[in-house]
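Order-wise, the sequence lines are chains Y and G.
Add 203 to the 1-based position in the first sequence for this note's numbering, that's all there is to it.
Add 23 to the 1-based position in the second sequence for this note's numbering, that's all there is to it.
By construction, these hints were calculated from the structure, which means they are not laboratory data.
All C-beta atoms, glycine included, are put in the ideal place defined by N, C-alpha and C.
Be careful, since some hints might not be right.
Below, a sample of chain Y positions facing chain G; criterion: calculated Cβ distance under 7 Å [as the list claims (entries may be wrong)]: (1) 258; (2) 299; (3) 304; (4) 417.
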Amino acid sequence: MQLLPSIVEAAPRQDLQDGDMAERSGAAARNTHLPGEVGVWGLVLGDALLFGVFFITYLAYRSQDPGLYQFSQGQLDAHLGALNTLLLLTSSWCVVSALQAVRRQREAVAARLLRGAMVCGLGFALIKMLEYGLKIGQGITPLSNDFFMFYFVLTGIHLFHLLVGLGVLAYMLHVVKPCLPAAHRLGALESGATFWHLVDLLWIILFPLLYLLP
Amino acid sequence: MRDLLYTRPTLIWLLLMAATSLSWILAAMSVSGHALTTPAHGGVAMLLVVFFKVRLVVMYFMEARSAPAVLRWTAEAAVALIGALVVVFYLHGARLVDAGFPVG
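Could you build the full structure based on these sequences and the hints that come with them?
Here it is as structure tokens:
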């Protein structure tokens with residue numbers, strides 16, 4: 204489902220120079236640019252709603268034994284969780300800026316920014332593995348109690364999304380090369396960016412739910 | 024490079040980093056017995072900030088803000104729906120389970 208040719212015709216490249224495209228192009232251009240493919244947005248929406256069900260299920264179970272959940276939550280290292288949040292937010296900024304760089308025909312800068320996003324993503328994965336190692340070293344596993352079952356399952360599913368996202372970033376790094384057609388590149392890059400931001404926003408919710416909520 | 028730094032996404036990124044750091048500090052104060060509010064009020068405030076951050080990511084990083092209206096409003100509705108359900112289950116989870124929400 205390639206939508207980009209019509210988008211490029213509707214909005215010339217010089218009009219796509221930043222995320223405020225609609226403002227710059229005036230009211231006529233507002234609400235006219237679909238970032239990425241419709242299918243990717245369907246995937247993002249479905250995934251977000253599925254995680255929404257996970258979140259309320261976790262909170263329903265939490266309400267049945269708040270003391271246990273609060274005690275178990277206190278055994279997590281919130282500093283590592285917060286550091287991971289900052290890493291993912293920074294990776295998202297790198298991806299947004301990479302898209303802007305491509306729209307300004309500065310592919311070399313875009314490639315550097317995408318590599319920066321990958322480094323942040325890899326840092327997240329390493330910290331998460333360190334956390335899992337520390338917990339298992341303390342004898343804490345998914346079978347320890349309900350809280351840790353949710354902790355390992357929810358963060359594990361998120362980590363799977365992150366690893367897929369790193370593959371998507373690697374693909375974006377491949378297609379950012381200027382030798383490929385502009386329409387093909389922008390569509391693929393916007394779709395990849397949309398998926399990577401999903402990984403970021405799911406963690407934005409998971410971090411306080413599991414680590415911080417009083 | 025400067026033109027890529029002085030942009031709205033950079034401003035949004037700084038706001039997101041600041042909000043995350045603030046939540047982190049407030050949670051640390053709560054753990055050390057220096058909470059500024061009751062746990063329920065603090066939790067609801069934290070969740071509202073979280074879904075405000077989610078909306079910023081969806082609108083400005085995912086560029087839903089300049090997408091066709093159907094996508095933009097579907098995204099707005101999904102964020103609002105999930106946010107509202109999370110707050111309701113945080114505050115009234117036990118009542119909802121009593122009313123029949125399934126837990127094992």
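Hints, verified against the model:
no.: 1; hint: 258; result: holds (5 Å)
no.: 2; hint: 299; result: holds (4 Å)
no.: 3; hint: 304; result: holds (6 Å)
no.: 4; hint: 417; result: holds (4 Å)
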